[in-house]
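Chemist: Here the structure of chain A is known, so what remains is to put chain B in place on it, guided by the hints.
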Amino acid sequence: MIRVLVADDQALVRAGVRMLLQAAGDMEVVGEAEDGAEAVRLAERHLPDVILMDLRMPRVDGLEAIKRVLAARPGIRIVVLTTFAEDADVYAALRAGAVGFLVKDDEPERMVDAVRRAATGEPLLAPSVLRRVVERFLSAEEQAAAPPPAGLTERELEVLALVGTGLSNAEIADELHVGVTTVKTHIGAAMDKLGLRNRIQAAVVAHRTGLVDASFRPVRRPRPPS
Amino acid sequence: MRWRGLPLDVLLAASGVGLDLLTTAHAGDTEYLPAEMNIPMALLVGLPMGFVRRRPVPVTLYLAGFLILTDQLGSFTANTAQMLVCVALGAAAYRSGWRAVAVAAAATTAATAVNLVDPGSALTTNGLVYSVFLPAFPVLLGAYLRSSAGRLEERDVTPDALLAAGGVAITVLSTWTSWDSGSQPVWMVGLLAVVGGLSLGVARRLPGLVFLAQGVLLVVTDTYLNDAVTTCVILTLIAIGVFAMRVDSWAWTVVAYFAGCVLTAIAVVGPDTEITGLRVGTLMTLVATPIAIGRYLGMRQAAAAAERLRSEESARAAVAQVRADQLAERERIARDVHDIVAHHVGAMVLRASAARFTAPDGPVAEALADIRETGHQVLQDLRDLLDLMRDPERQPDLLANPSDVVRESAERMAAAGLVVDLDLDPATDQAPLIARASAARIVQEGLTNVLKHAGPGTRVRVTVAPSEQGLSVQIRNGRPPSVVERLPSSGRGLAGMRERVRTLGGTLSAGPDGEGGWLLAASLPSRSAA
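These protein sequence lines are chains A and B, in that order. When the count follows my numbering, it moves up by one through the first sequence with no breaks and lands on 226 for the last residue. When the count follows my numbering, it moves up by one through the second sequence with no breaks and lands on 530 for the last residue.
So here's chain A without its partners, still in its complex pose:
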């Protein structure tokens, strides 16, 4: 069972999400928060796998709540619930460590699927959406290409590049002819070394350091002399 916490000031949304997730069968809503402060409190109490978090909430807003939750519990995956994908706040939330976002008028199937993916650490964003997100990130931050991340093994760099293209773990495993568990291990190691919270940040790093080119293809790097 995937344990989900819903934080939204609107009862309509909370009821909707609860209904939807219960119908899915493999997940349950362990708590409902009406504002950011309550979300932080309930996250501590219930230690959910996934939090669905609205950004516009009274008192403590979603962005602040995301920061507080992740500071205390970095393992919790937070998915932003938003009315419009284009909001600047969405990007701020992704930067703060949210693993992805859902638009409230998305298809219900997609919402259920997104919670599942978030729980397993799969990429939440389709490559096309990831592209937009990365572009927003890169235009917001310095455009200058940073040197390739240091301290990563060749395999980890390779996996990081593929994360940057938007592939899922299974697809990466296919590409590299290794098992999904191996891929997860590599990604986890790379993100640990780089101090990253989620795949979006990893994808952004892959882009900014030139592991992925502008058309989202991994860049073949010459192997360093051993």
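Among the hints, a few may not be true.
[Said to hold, decoys possible] From the structure, some residues in chain A lie toward chain B, with a derived Cβ separation under 8 Å: (1) Gln-10; (2) Met-19; (3) Val-30; (4) Gly-31; (5) Phe-84; (6) Arg-95.
[As the list claims (entries may be wrong)] Derived CB-CB ranges, DEER-like: (7) A:Met-1 x B:Ala-427: 43 to 49 Å; (8) A:Val-180 x B:Pro-426: 35 to 41 Å; (9) A:Arg-110 x B:Val-364: 20 to 26 Å.
[Stated by the list, open to error] So, partial list: chain A residues that the calculated Cβ filter (under 10 Å) puts toward chain B: (10) Asp-9; (11) Ala-11; (12) Gly-16; (13) Leu-21; (14) Arg-73; (15) Ile-76; (16) Asp-105; (17) Val-112.
What the hints contain is simulated information worked out from the structure, not anything from laboratory work. Backbone N, C-alpha and C define an ideal beta-carbon position, used for all residues, glycine too.
Modeler: What follows is chain B alone, placed relative to chain A:
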């Protein structure tokens, strides 16, 4: 801005008197007047100049009469009167109503004609032309200054043209009588008239150089062409005036003043001239006059320019402020729409989605699906609307209801002569805002094209209706009623429409409908391709 101050009037009167004293300095007894009358005559001709600013028309009439009188008496003061009457006429044109100016100009023209035609010589065409043109210049100059004295533009060449023409006129007029009798050939005098006079045309732009040139000309004339010395003094004084107006430096103005004094002295002091205090004073006052006038005009111009700059600046600031207010207001509305409306609609859609997801198939599920679909549509429209409102380039009228735009456009074209038959399906209101707005633009553009190419009287049928894809727009016009005179067309309208439709992922076609008419058809998808 009115000229104030008695000193200026006194200065004008003194200058008038001084001018006459200078021109008649060498004159001895004439047929009717003894040499002792020089000073009274100078006072008679010069003193009225003190009133020229307040009563320019009477002064002009007086001087015209005086000109005729002195001409009949054979007095040299006639030359002075001829110059001063032109000045007075210019002042009249600057200050008075056009009827009074017409009277003054007529009097001046008559007096000038009498003056130019010497007793015994026939009235030539040249003489007539000069007597008409000579007064015309001050009238033009005065009228020009009246219309735009405060805003002389740097790029405006009218004052330059007037200066040049005035310079030539002065030169020709003042040397007129000696063209045949002088010590130098006529072409030389003509050359002086052209060069000396024309050079004033560039005096505003090259004040120093022109002043220098006039000085050189004066010295040369003093040596070789004695008849034209007075003319050169006048040109030099004008050049000094322009110099003082254009050069914004007191130091250089003082230099110009003393140079002017020296030059004038060179011109008027002959080997046997007795130098008296009065004469020196007169000369210095004479040279000071153009400087004072030039300086005054220069300051006035600078003040006007500064004022203009200030008002332009404040107008710009006001426009920018209004624009900023508008944008801020729009942003505020956009935020409200976003935070309040969209937020709630989003929640409703999510709720309906979840309910539909769990409900068994049936009428309830259908109803929920409908609610979800509509809510989804509303959110899309809101997103478009917010984009519109947040785009600072967007004109506010684009926020008008597209259906109104279509109706208005049809009405306007009907008023322009087209026979418009509008079929606007009410169901189009369900189409996305962006599609409806585009349809409205296409109708506007299409009807304009029909009017341009087929002309008034043409029958047009406009159809806007929902289609399978989204929205369909058709503008079909019949055969033009007559061979029309085609209005100019940039050809950009159709290209612009095509581009707009293409961006939305739709199609647009235009061509003959096979029945002598023309059909423009566009299909707009309900969802944008982006």
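Chemist: Evaluate each hint against the coordinates.
Modeler: Results of checking the hints against the structure:
no.	hint	in the structure
1	Gln-10	4 Å, holds
2	Met-19	4 Å, holds
3	Val-30	17 Å, violated
4	Gly-31	18 Å, violated
5	Phe-84	6 Å, holds
6	Arg-95	21 Å, violated
7	A:Met-1 x B:Ala-427: 43 to 49 Å	47 Å, holds
8	A:Val-180 x B:Pro-426: 35 to 41 Å	56 Å, violated
9	A:Arg-110 x B:Val-364: 20 to 26 Å	22 Å, holds
10	Asp-9	9 Å, holds
11	Ala-11	8 Å, holds
12	Gly-16	4 Å, holds
13	Leu-21	9 Å, holds
14	Arg-73	26 Å, violated
15	Ile-76	22 Å, violated
16	Asp-105	4 Å, holds
17	Val-112	8 Å, holds
Against the hints set out earlier in the document, violations occur for numbers 3, 4, 6, 8, 14 and 15.
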